[in-house]
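Starting from the given sequences, assemble the full structure and let the hints guide the process.
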Amino acid sequence: MLVPGKIQHIICPGNLCIKEVHDYLKTLCPDLHITRGEYDEEMRYPETKTLTIGQFKLGLCHGHQVIPWGDLDSLAMLQRQLDVDILVTGHTHQFTAYKHEGGVVINPGSATGAYSSITYDVNPSFVLMDIDGLRVVVYVYELIDGEVKVDKIDFKKTTTASH
Amino acid sequence: MMINGIEDEDKWLAEGIAAIQHNAFYMHRALDANNLREALKYSAQMLSELRTSKLSPHKYYELYMRAFDELRKLEMFFKDESRHGVSIVDLYELVQHAGNILPRMYLLCTVGSVYIKSKEAPAKDVLKDLVEMCRGVQHPIRGLFLRSYLAQISRDKLPDIGSEYEGDADSVMDAVEFVLQNFTEMNKLWVRLQHQGPGRVREKLEKERSELRDLVGKNLHVLGQIEGVDLGMYKDAVLPRVLEQIVNCSDDLAQYYLMDCIIQVFPDEYHLQTLETLLGACPQLQPTVDVKTVLSQLMERLSNYAASSTDVLPEFLQVEAFAKLSSAIGRVIEAQVNMPIVGAITLYVSLLTFTLRVHPDRLDYVDQVLGACVKKLSSKPKLEDQRAKKQVVALLSAPLEKYNDAVMALTLSNYPRVMDHLDNETNKVMAMVIIESIMKNYTCISTADQVEVLFELIKGLIKDLDGTAADELDEEDFNEEQNSVARLIHMLYNDDPEELLKIICTVKKSIMKGGPRRLPFTVPPLIFSALRLIRQLQSQDGDVAGEEVPATPKKIFQILNEMIESLSAVPSPELALRLYLQCAEAANDCGLEPVAYEFFTQAFVLYEEEIADSKAQVTAIHLIIGTLQRLNVFGVENRDTLTHKATGYSAKLLKKPDQCRAVYACSHLFWVDDQDGIKDGERVLLCLKRALRIANAAQQMANVTRGNSGPVTLFVEILNKYLYFFEKGNPQITSAAIQGLIELITTEMQSESTAPNAASDAFFASTLRYIQFQKQKGGAMGEKYDSVKV
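So the sequence lines, in the order shown, correspond to chains A and B. Heads up: the first sequence begins at -5 in my numbering, then just goes up one per residue. Heads up: the second sequence begins at 47 in my numbering, then just goes up one per residue.
Bear in mind the hints are in silico, worked out from the structure with no lab data behind them. No false leads were slipped in.
Here are the simulated DMTMM-like cross-link-like pairs (lysine to aspartate or glutamate), alpha carbons at most 20 angstroms apart as the crow flies:
1. A:43 to B:807
2. B:486 to A:17
3. B:774 to A:67
4. A:13 to B:523
5. B:830 to A:67
6. B:509 to B:469
Here is the structure:
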């Protein structure tokens, strides 16, 4: 899967930290979207970003700017502010996928299992989104005790929610 | 032999071929007429063309081949006694009447071939006769080709075991004797070719001479194929004679080629059993012979032999192959005083490759090879030659690649000694190789001792070595190096907290020597290692009563503090601030209020004194607020001091929108959703109101400076915060207040002086939608929102 050409977009909330990781991701897929984490050396990553993929508007933000950290209601506010169906955020190193009236908040967790003051026992994880029409299927891959566990969550966008 | 010009040569060759064809024509006529006398006459004339001195080896070969083809027809004629009526014995005598020796010998060999086939005399006798009579032709090229002819026609007629020409006992020895003699004479002739001709001509000659080498080498192939030559005969008869000739001829071209031939032609088992003898020849070769390649080839073959089957391995041990090769290489290096250092090291690389393939379990052997290399390197000043440096890197990389375990390398006592002889540049290259090996193989470096050795090995990356200035280095390269070290630090781990702490301290000692350029790379990973350790200790139950345990969170926090302090030398205030906050939170989780407070103080000091950039301040203050919001270890006084500072700094940010956002973020400092969390509704409201005032001021400023109001986004954000606390049950937030805000925003948006803004509109709209949604939820939430009209 992590072979060049299979993924159309990469969305990354931040804290890649060094250029080499950025370059590596670029080799997997040239359409790379990143926002700035507090440890990113690259100063030019934006604080937030929005993009459209198919029928969905996506928002991206690392999340250290949204206080309290990891608080879903506060993140929902950011989602309303960015006016997006799906908000992708990070910082907590803990996978979550949360649906509320305004849309979906997804936190893919930490791809490397890095230390976090917020989460104990971080398991490395990442998320694949399959966007098809008004439906998005979220596959979460977690490395737990040496084994890869995959889970799947479905979201449908209702057309009445006019954005 | 004189070479005048290619055109002349072509002319002579053409003339020679024409003459051969001319005589051949008449010879054929004679053969058809079964006229022996005429046949002999014309064949002799034909063969006289081979008496020429004018042709280069290459051209002579062409002429020779023509004659060769014709002689086959003659041979067929000789074989059929009914055609010429002369017995083979008589024929053998008859052809010796030919006038000149060269045609005489070719004819004799041709008859000899038939003679042997007829079995009227033992093969060995005929062969002996022929090989000795060929001595009569001492001209290098003519002699070489004549003997080559002899070799060719005798190949299938040797008195080998099981061959139809096998004589009585020891006939194999006769066959061997014959081939050896022919070989020896051919080699002598071949070597003699080089002594002719001056200067530049000689160069051309050497090249042409080289083309003839297979003629000589063929004999060894033949020897290799004689069935009767077993290990014993090879050892006693064949090898010593061949080596004798090789050493005595003192010709580098011949020596190199023939040594290589031996290695390729004879079975590996034989080489193993004659190792000492074979190797004994090497120091006796000319200094210009590339003996490294010869030895490398030998070791390569032996390695493959060892790999072919496990049964073979005991043999290697039994003949002490490693010891013999090792000492042979030592002797060669000693003997060839002018061998450049790269040659010696290449030899050691070959030996090491052999050792790793044949005796991978013998780390002592591996260490020995490295030790020999150290000795050699010690005799010279620091390495200058690029190729030599590359070879040393290859030498040191080989064990890493073989074992896929850098820890192995750490146990080899000579490994660091070899590295010491590298210049700084190459030292770093090697250090990167080591780190890459660790990363690639997920090698676990798990003791402080191992870490110490490792960091000593890679010291070129850790600190400035004598004579280098860090400024000289290309920035990208430097970053790559340091990032590798950082990655490495993440790989150092042990389940046992005591050992892990030792490791951390060892690394800390090392990286502290790195200087300001390196610290920002190396300190963070170590900090996080330490934080992880603290978390691990947390989960273990408290101190064992009465025991002084080195690894306690308190002690580790001290170490953390020292490390972060070192960043002030860089200076890296933003990084240090983040790390202080991480430590504060970790201290909080351990229940260590003074420690947490101290870390927070440090963070604030940095904020006050070192972080001047406004954008950096915004991020920093949010990190401070976000961290502080999560901490529950502080008593009321301490907490008040810190929240007061946080809100104060929030209000003092440069840009009004930033102020506004930071201040409403502070509202969360006074409301924590936990069971025991602080829930100070009044102070929350104070923050929100203050944020509102700042938003208002921002609006008015925008009015003044730009002639229209800025976006109402800030108000919508604050509205959302009101909703947040409203839902959480903050009694100070009333539905009336919310209503008021909604109306305020609506008015602002409709106001003439406000420029339309799609983003704020959408934001407000979705906020209202949210309220509507909550109202429709019914139940407690619906009730709450009942009085809010959208």
